[in-house]
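*Asks:* As you go down the protein sequences, you meet chains W and B in turn. Okay, so the first sequence: first residue is 4 according to my numbering, each after it adds one. Okay, so the second sequence: first residue is 4 according to my numbering, each after it adds one.
Simulated from the structure, these hints should not be mistaken for lab results. Watch out, some of these pointers could steer you wrong.
[Said to hold, decoys possible] Ranges between beta-carbon positions, derived for each pair:
(1) B:138 to W:122: 52 to 62 Å
(2) B:66 to W:26: 48 to 58 Å
(3) B:42 to W:14: 26 to 36 Å
(4) B:24 to W:138: 42 to 52 Å
(5) W:118 to B:139: 39 to 49 Å
(6) B:107 to W:26: 26 to 36 Å
(7) B:40 to W:142: 17 to 27 Å
(8) W:35 to B:160: 35 to 45 Å
Cβ atoms here follow ideal geometry from the backbone N, Cα and C, with glycine treated the same way.
Protein chains: 2
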Amino acid sequence: MRVLGVDPGLTRCGVGVVDGGPGQKPTLVEVLVVRTPPEDDIAYRLLAVAERVEALLDQHRPDTVAIERVFSQSNVRTVMGTAQAAGVVALAAARRGIPVAWHTPSEVKAAVSGNGNADKAQVTAMVTRLLRLDAAPKPADAADALALAICHLWRSPMQSRLAAALSTSVLAARPARIGSVGR
Amino acid sequence: MRVLGVDPGLTRCGVGVVDGGPGQKPTLVEVLVVRTPPEDDIAYRLLAVAERVEALLDQHRPDTVAIERVFSQSNVRTVMGTAQAAGVVALAAARRGIPVAWHTPSEVKAAVSGNGNADKAQVTAMVTRLLRLDAAPKPADAADALALAICHLWRSPMQSRLAAALSTSVLAARPARIGSVGR
């Protein structure tokens with residue numbers, strides 16, 4: 004199974020591609036950080052991120068795209084840019100029929116280090132060890148994108164079962180809701 | 004000049020197309036609300052919004068897309084969906100080379116009603132009057148999208164001069180910054 008993990012952002016958007024699966028050692032395929040100049044127009048920054056991610060999706064054909072679920076913790080302007088970048092990445096995956104999974108920062112930290120409050124240095128160290136890399140991926144956005152991909156490889160068997168159970172219950176419930184959809 | 008205004012959202016995304024310009028009465032071209040079911044996957048909801056907006060861009064060929072600038076006021080989940088929807092709309096415009104302008108809710112309210120704190124009913128009433136409509140556009144997202152387009156038509160002469168002045172100063176400043184871009 005191949006996962007493309009994304010630590011979304013406009014100034015720096017980390018993208019990491021990892022192969023693996025339950026019981027397999029994860030292997031690095033590619034990692035890079037897409038950067039766009041803060042002084043550029045937001046729409047063109049989003050276009051630059053989208054075009055680069057689309058090229059990587061077409062090149063590596065991942066089975067799933069795993070994106071960090073953003074919370075409104077830091078300053079509003081940064082969070083909006085991050086959410087917009089996450090949106091265009093999710094759109095690029097949806098256009099290709101590739102499922103998108105969302106993981107919170109604490110889920111990612113817990114998955115790779117066993118500690119949901121791990122700091123950036125611990126996450127980077129664990130990613131370096133798990134992927135058997137000679138040097139730590141830099142900057143932190145690159146390591147975070149790889150951690151997201153690894154997190155998804157390990158959590159996906161559980162998530163797939165959950166999603167299947169949910170979609171069954173949603174499908175079963177939907178006919179009763181159709182009357183209110185047009186409201 | 005033709006402006007496509009967008010009140011971004013995943014559950015309801017208002018889109019309004021208006022013709023006009025300085026000294027001209029604004030005229031309604033089209034208004035609609037794109038809806039996506041909350042129980043669907045976010046990536047596919049974004050795809051549904053993107054595809055509908057892209058069809059409208061290709062049909063009406065606006066000179067500018069005006070999008071509401073989102074703030075993190077309400078609940079985090081709603082704001083993230085709104086920012087993601089705004090991102091895919093901005094991306095669709097950028098792909099077509101159509102400039103994107105962002106206006107805050109208070110700028111829009113002030114432009115159409117003269118009061119930056121106007122309520123939804125006042126905005127809807129002014130949009131109905133300004134566009135000489137027989138009935139008020141519904142729901143509020145439709146009226147808000149039209150208000151955004153009208154706001155842009157009236158503010159754009161000033162914004163264009165500002166943007167030109169800014170881009171000149173950014174271009175003048177950029178050579179000095181190149182050394183730090185690759186960091």
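*Asks:* Hint says 17 to 27 Å; check whether the CB-CB distance for residue 40 of chain B and residue 142 of chain W agrees.
*Replies:* violated, 38 Å
*Asks:* Between the beta carbons of residue 138 of chain B and residue 122 of chain W, is the distance compatible with 52 to 62 Å?
*Replies:* holds, 58 Å
*Asks:* State, for the Cβ atoms of residue 42 of chain B and residue 14 of chain W, whether the hinted interval 26 to 36 Å holds or is violated.
*Replies:* holds, 34 Å
*Asks:* Lying within 39 to 49 Å: is that true of the beta-carbon distance residue 118 of chain W to residue 139 of chain B?
*Replies:* For residue 118 of chain W and residue 139 of chain B the Cβ distance comes to about 55 Å; the hint is violated.
*Asks:* Is it true that the C-beta distance of residue 66 of chain B to residue 26 of chain W lies inside 48 to 58 Å, as the hint says?
*Replies:* holds, 57 Å
*Asks:* Does the Cβ-Cβ separation between residue 107 of chain B and residue 26 of chain W fall within 26 to 36 Å?
*Replies:* Since the Cβ atoms of residue 107 of chain B and residue 26 of chain W sit about 52 Å apart, the hinted range of 26 to 36 Å is violated.
*Asks:* CB of residue 35 of chain W to CB of residue 160 of chain B, is that within 35 to 45 Å?
*Replies:* Because 42 Å falls inside the window, the suggested range holds.
*Asks:* Given a hinted range of 42 to 52 Å, is it respected by the beta-carbon distance of residue 24 of chain B and residue 138 of chain W?
*Replies:* violated, 58 Å
Of the numbered hints given earlier, the model fails hints 4, 5, 6, 7; all others are met.
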